[in-house]
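S.K.: Sequence:
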Amino acid sequence: MISGNTTISLLTETQYWNNDTILFKPVFNIMISPVTIVLTVLGMTGNGLVVWYLSFKIKRTTSSIYIFNLAVADAGFLLFSFALHIFALLFTVIPHLKTQYEDEQVITVIGILTLACLFGYNTSLCLLTIISIERCLSVLFPIWYHCNRPKYMSSIVCTLIWTISCILCGLEFAFCYDITYNRKGIVNESGKECKSVFIIICSFSFVIFIPSMLVSSFILLIKVRSSSFHRQFKKLYIVITVTVFFFLVFGMPMRVLLLVWYKHHSLPTFPVMDLFSLFCVINSSINPFVYFLVGRHGQDGKITLLSILQAVFRDDLNQLRRELKKPAEETVT
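Counting from 1, position 295 in the sequence shown corresponds to residue 295 in full-length UniProt numbering; the numbering is continuous, with no gaps.
Hints were generated in silico from the structure; no laboratory data involved.
Zero decoy hints are in this set.
Below, a list of computed lysine-lysine pairs in the DSBU-like style, where the Cα atoms sit at most 30 Å apart:
{"#": "1", "residue 1": "Lys263", "residue 2": "Lys195"}
{"#": "2", "residue 1": "Lys151", "residue 2": "Lys223"}
{"#": "3", "residue 1": "Lys223", "residue 2": "Lys234"}
{"#": "4", "residue 1": "Lys234", "residue 2": "Lys57"}
{"#": "5", "residue 1": "Lys234", "residue 2": "Lys151"}
{"#": "6", "residue 1": "Lys151", "residue 2": "Lys57"}
{"#": "7", "residue 1": "Lys59", "residue 2": "Lys151"}
{"#": "8", "residue 1": "Lys59", "residue 2": "Lys223"}
{"#": "9", "residue 1": "Lys234", "residue 2": "Lys59"}
Starting from the given sequences, assemble the full structure and let the hints guide the process.
M.R.: Next comes the structure, spelled out in structure tokens:
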């Protein structure tokens, strides 16, 4: 998540660490910002294609609805990350723009972009958790799951996730960020409110979301290796497992660092924060390429992007019910 670090980078030429060490980083910004910008453009393009195909070319299924919302969240995160990194690069390359740092409008715009990044990040975290849990239930208790699952459950759950994410990032931004403090490049140290938000975020992230993703993905991984289900469904399970793995590797470190920031009001040296911001962009950009690589595996003949995505997300309930009925029909025969 790019928010905290980039906001600090834009509002001050230096980064403070424990209020003692001042590290100048314009050269590093010039090196890493273009790389991050290129990745955001690639990621926005890939997620945009996923959104397009799932909206107009591929029939909606239980999983594709979640993936559609995940692609929207990632594309939004990348869009606002792109804008923040453009700001960071311009303010680093063009010295006279630094006089705009104290401008209230500039700070407000940066704050809005930061809030939007938080929103996309939190939404992706919630969606990945729900996707992995639902797929895990569908393979552990297939008959019960598909007989009792409400028809519009995916849409309802996605609506709830967007709402919860909005509330969480609103609390996070309202109580742990402040324009007055952002001018000085530090977090809001008002104390009680931010500490309460810290406890809420820790509870959601490390007590509910992360353990649920880990357990569900581990079960899916076992099922991928041992399940007798059709190969099409294994592709979906592989996609979910790989996506969760990349999120844990590239996405979670920034959340951990921001929690440290909220708790102790200090940051590690600047290469760590900048690199972790880059990792968050990689996390949001990589999913479409995972869909492509997994979907094209084992395909013969003419391969198109549409056929590749269909190979991953073709899991409608009627087809799965037919798979579940096959053993019973064979027994009767």
